[in-house]
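S.K.: Dock chain L against the given chain P, drawing on the hints supplied.
Chains as they are written, first to last, in our numbering: chain P, 1 to 199; chain L, 1 to 199.
Bear in mind the hints are in silico, worked out from the structure with no lab data behind them.
Incorrect hints may appear among the rest.
[Said to hold, decoys possible] Selected chain P positions facing chain L (Cβ under 10 Å, derived; list incomplete):
| hint | residue |
| --- | --- |
| 1 | L11 |
| 2 | E38 |
| 3 | A41 |
| 4 | D116 |
| 5 | G174 |
[Stated by the list, open to error] Only pairs whose alpha carbons sit at most 25 Å apart, straight line, appear in this in silico DMTMM-like list of lysine to aspartate or glutamate:
| hint | chain 1 | residue 1 | chain 2 | residue 2 |
| --- | --- | --- | --- | --- |
| 6 | P | K68 | L | E38 |
| 7 | L | K42 | P | D66 |
| 8 | P | K77 | L | D9 |
| 9 | L | K90 | L | E139 |
| 10 | L | K24 | P | E96 |
| 11 | P | K54 | L | E38 |
| 12 | L | K42 | P | E50 |
| 13 | P | K24 | L | D66 |
| 14 | L | K42 | P | D9 |
| 15 | P | K42 | L | E139 |
| 16 | L | K24 | P | D79 |
| 17 | L | K54 | P | E38 |
| 18 | L | K90 | P | E39 |
None of these values were measured; they are calculated from a predicted model.
Ideal placement from N, C-alpha and C gives every residue a C-beta, glycine not left out.
In case you want the letters, here they are:
2 protein chains.
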Amino acid sequence: MAYQIAPLDRLVEQFERLPGIGQKSAQRLAFHVLGYSEEQAKQFAQCILEAKEKIHRCEICQNLTDQKVCAICAGPKRDRSTICVVQDPKDVMAFERTREYGGLYHVLHGLISPMDGVGPDSLCIKELLMRLNDGEVTEVIMATNPTVEGEATSMYISRLIKPMGIRVTRLAYGIPVGGNLEYADEVTLYRSLLGRNEI
Amino acid sequence: MAYQIAPLDRLVEQFERLPGIGQKSAQRLAFHVLGYSEEQAKQFAQCILEAKEKIHRCEICQNLTDQKVCAICAGPKRDRSTICVVQDPKDVMAFERTREYGGLYHVLHGLISPMDGVGPDSLCIKELLMRLNDGEVTEVIMATNPTVEGEATSMYISRLIKPMGIRVTRLAYGIPVGGNLEYADEVTLYRSLLGRNEI
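The shape of chain P in the complex, shown without the other chains (with noise of 0.2 Å):
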């Protein structure tokens, strides 16, 4: 839709390429911006410069950071005998709001999808392989989603691992907690049936 402002029709496209945000959205966000005082407009730009320029890949675990080594690699009292691989920096964050994990992670950037072209040279294996190599890390969680690509990925991954001698292990599937049963489907119900333990 042209408003035939043409800053304000920029700014309108710039926010309806973001993920999620509809040409409504877009507007609402634009109008909401074009109300903040220039300080404000100032830092939100400088915030997104910022953040591109000074933000890249931990060079140990592939994770994001403004460092040389992201904060969960450099930590002091981080377990070094486990790695969980994971598919992309927002699943390291989820496991750290469990506050349970203690271990260390790696970053894959992705998922094995023939589909769509990304093959496993397209992700951060061969960085897995070069960690495994001093014989520190003894298990490898393998924690990506519990979809077809997920589950390819980690298949793929053990298959190399196994042989080195380190234990390669999966995420646990089954009734998520506070979930109901009555809506689980066939497929989690069961492997939760197959996965059940003494209590």
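M.R.: Showing chain L alone in chain P's frame:
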């Protein structure tokens, strides 16, 4: 939530300030922007600054524009005898989308709302009255939202204009086109009865 990556946290914070964007969405948007090329990020930042810098109020109708006078006020084909009074620039766009209204607008930039400390003096009412002095305008359409504040504002302004011998009208109330009578509230149904027309 701390990512322990200051530039990322700051960017997430900026997105969280936007209306309708919660913590999770803000994170998603920030990660999306991190995936931009340097060029794209620069463009986004530039659009924010440019919009803020170049867009201001039209000196006649108070709508937003990057010119001295907005495209509607400057339009040679516009009917200068009618002014449609709206709360804010988004409402102008809503009317323009109908492609049926050919008159001018006046944007109040707010509604009278004593509870929020907004009195008539905070709105662009004097600018409206000044436009009515030249005798060219014969009708003022009050098109504020059908809320308590909208009604009060519309009533207040119409009392100022009527003594000038200018016709003041209000948008019709009634059932929305394509709506369902079952879901219409009582007041709307009553107003649509009151305003019924010959067919």
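S.K.: Each of the hints needs a verdict: does it hold here or not?
M.R.: Evaluated hints:
1. L11: holds, 4 Å
2. E38: Status holds, d = 6 Å.
3. A41: holds, 4 Å
4. D116: This interface hint is violated because 15 Å lies over the 10 Å limit.
5. G174: Because about 24 Å separates G174/P from the closest Cβ in chain L, which is outside the 10 Å limit, the hint is violated.
6. K68/P - E38/L: holds, 20 Å
7. K42/L - D66/P: holds, 19 Å
8. K77/P - D9/L: Holds, at roughly 23 Å.
9. K90/L - E139/L: Holds, at about 22 Å.
10. K24/L - E96/P: holds, 15 Å
11. K54/P - E38/L: holds, 11 Å
12. K42/L - E50/P: Since the Cα atoms of K42/L and E50/P sit roughly 10 Å apart, the hinted pair holds (cutoff 25 Å).
13. K24/P - D66/L: Within the cut-off at roughly 21 Å; holds.
14. K42/L - D9/P: holds, 17 Å
15. K42/P - E139/L: violated, 42 Å
16. K24/L - D79/P: Not satisfied, since the Cα-Cα distance of roughly 28 Å exceeds 25 Å.
17. K54/L - E38/P: holds, 11 Å
18. K90/L - E39/P: holds, 24 Å
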